[in-house]
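J.: Below are the chains, spelled out letter by letter.
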Amino acid sequence: QGGGSAVIDMENMDDTSGSSFEDMGEMHQRMKEEEEEEAAEGEAGAGEEEDGELLGMKGLRGQLSRQVADQMWQVGKRQASRAFSLYANIDILRPYFDVEPVQVRARLLESMIPVKMINFPQKIAGELYGPLMLVFTLVAILLHGMKTSDTIIREGTLMGTAIGTCFGYWLGISSFMYFLAYLCNAQITMVQMLSLLGYGLFGHCITLFVTYNIHFHSLFYIFWLVVGGLSTLRMVAVLVSRTVGHTQRLILCGTLAALHMLFLLYLHFAYHKVVEGILDTLEGPNMPPFQRVARDIPVVSNAVLNTTAKAIALTL
Amino acid sequence: FPGLTDVSISQDIPVEGEITVPVGSHSPDEDYSTLDEPVKDTIMRDLKAVGKKFVHVMYPRKSSALLRDWDLWGPLVLCVSLALMLQGGSADSKDDGGPQFAEVFVIIWFGAVVITLNSKLLGGTISFFQSLCVLGYCVMPLTVAMLVCRLVLLAGAGTVSFIIRLIVVGAMFAWSTLASTAFLADSQPPNRKALVVYPIFLFYFVISWMILTFTPQ
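From first to last, the protein sequence lines are chains D and W.
Under full-length UniProt numbering, the first residue of the first sequence carries the number 1, and numbering increases by one thereafter.
Under full-length UniProt numbering, the first residue of the second sequence carries the number 1, and numbering increases by one thereafter.
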């Protein structure tokens, strides 16, 4: 009926059954199967006629809609496969790793220099290579600190603790700050937040690297204030430049400063406590109880140096 | 074509020959023969390939053999032997025998995966498993260092032994880093080599640190 006639059958113009998008998939499948069957049987001629009848679409309108639905199916399938290959690809992260070594070095140094101009939004580079490497460096330094203070016990959980702490801080605090920034209407994206906080860890790395090797309480406090403070000031200044309104600025910057400085304090004292434990057991009753308040430096520092040297000699 | 008018094939010369072109049809035969060969041959061939790669790591020249036929047997053997040797480094014998082995294993493989991803994201042309292969094989100098450290510690655990161990581990660490850099940095754009070398340096540094601070019971 459909194949040989040159006359358009007008009464079937409104027959759009079977032209919906969902049916296209079925039709394609059936068409493919039919094609295979025809190839096997070798009946080339009867194909089109059977197609027209089987699909239940007659008339010009039906054929047009069939074409459109057909096209939509093809496009949809292509889009789905493209989306899949896009998200399963690590190339999605590639633009964030597009840096030169000079740039990384410049940004590392800049992270310690607070900016003065807070009325104009400061530029933050949305780069993930530097922060990632800094987090790994912090993990390595933590491991070193743990080893020199507690070589013997609980080695099984050292690596897990170090990695968990550092990555947890970087990712968790970044997300929290991004959420706060969203609440306070600050103009910063997630990648920029990750980048900012990551580069702020440079100060932490320097401080911990120095103070894990030289066990002076006062030295640590100086480094904490100066180095930690500089990197915090930089992060705070950049955030302030991107936020409007006094209350919002106060909330954001207060939270960030507190979290950043407290993290450095935590990293130092979580492993310093272990050193203290060794000190107490080594000196026994002769040693006055080690207090964490600032006191006469020379007396304490000599004792600390001696016991540190003893501890290192013991562990080796 | 005047010259072709008198071309003819005389009837009494039969036209014969092979229609099939003998194009490298030895490969299906080879497959069958590798199935039939004795197991010793298969193992020896694989062992020879692994051994050749070890030699490449010992004398890092810019050859592509390590990259072309990558395999993960060598890294597995090295990783397991290093993890086994690093066990028993705790005073408490009732715990930490298990987690230490798993820790070293996880550090090596997780670290290698991270470095590979990093080098790919920086625009490297090397494939995932090739990079894993190179990084795993370059752990070999550190395994040798671990062996030496264990032997030195058998003799005693004083300052002298620490200095010897420090020198040995330091030298092997430098060798590992240089060897893997020789293979991996070539696949990067020239001005970004430092970006790829740093994580490799950190990775081998962590492993060297674990070896250096190892104290047996």
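Simulated from the structure, these hints should not be mistaken for laboratory data.
Hints should not be assumed to be uniformly reliable.
Each computed DSSO-like pair below joins lysine-lysine, with the alpha-carbon atoms no more than 30 angstroms apart [claimed, not checked]:
#1 D:K77 x D:K147
#2 W:K52 x W:K40
#3 D:K123 x W:K193
#4 W:K40 x D:K123
The calculated label-pair distances, taken between Cβ atoms and stated as ranges, are [claimed, not checked]:
#5 W:N191 x D:F179: 51 to 61 angstroms
#6 W:D69 x D:F209: 50 to 60 angstroms
#7 W:V39 x D:F269: 41 to 51 angstroms
#8 W:D46 x D:V226: 56 to 66 angstroms
#9 D:L230 x W:D71: 25 to 35 angstroms
Now the stretches of chain D that chain W is said to cover, found in silico as 3 or more residues with beta-carbon under 8 angstroms [to be verified]:
#10 100 to 106
#11 176 to 182
#12 245 to 252
These figures come from a predicted structure and were not determined experimentally.
Quick reminder that beta carbons are idealized off the backbone N, C-alpha and C, glycines included.
J.: Would the hint linking K52 of chain W and K40 of chain W be met if the CA-CA limit is 30 angstroms?
T.: Satisfied, since the Cα-Cα distance of roughly 18 angstroms is no more than 30 angstroms.
J.: Can you tell me if the stretch 176 to 182 of chain D counts as covered by chain W, using C-beta to C-beta distances under 8 angstroms and a minimum of three residues?
T.: violated (count 0)
J.: Is the gap between the beta carbons of L230 of chain D and D71 of chain W within 25 to 35 angstroms?
T.: violated (49 angstroms)
J.: Holds or violated: 51 to 61 angstroms for the Cβ distance of N191 of chain W and F179 of chain D?
T.: violated (38 angstroms)
J.: Are D46 of chain W and V226 of chain D spaced within 56 to 66 angstroms by their CB atoms?
T.: Roughly 58 angstroms apart at Cβ, these two residues keep to the hinted range, so it holds.
J.: Between K77 of chain D and K147 of chain D, does the CA-CA distance stay at or below 30 angstroms?
T.: Violated - the C-alpha atoms of K147 of chain D and K77 of chain D are around 55 angstroms apart, more than 30 angstroms.
J.: Taking 41 to 51 angstroms as the hint, is the beta-carbon distance of V39 of chain W and F269 of chain D inside that range?
T.: For V39 of chain W and F269 of chain D the Cβ distance comes to about 59 angstroms; the hint is violated.
J.: How does the stretch 245 to 252 of chain D fare against chain W when you require at least three residues with a CB closer than 8 angstroms, holds or violated?
T.: violated (count 0)
J.: For the stretch 100 to 106 of chain D, do three or more residues have a beta carbon lying closer than 8 angstroms to a beta carbon of chain W?
T.: Our answer is that it holds, as 3 residues pass the Cβ test (under 8 angstroms) against chain W, meeting three.
J.: For the hint 50 to 60 angstroms, verify it against the beta carbon of D69 of chain W and that of F209 of chain D.
T.: For D69 of chain W and F209 of chain D the Cβ distance comes to about 41 angstroms; the hint is violated.
J.: Within a Cα-Cα threshold of 30 angstroms, do K40 of chain W and K123 of chain D meet the stated pairing?
T.: Distance ~64 angstroms between K40 of chain W and K123 of chain D Cα, so the pair is violated.
J.: Between K123 of chain D and K193 of chain W, does the CA-CA distance stay at or below 30 angstroms?
T.: holds (27 angstroms)
Hints 1, 4, 5, 6, 7, 9, 11 and 12, counting from the list given before, are not met by this structure.
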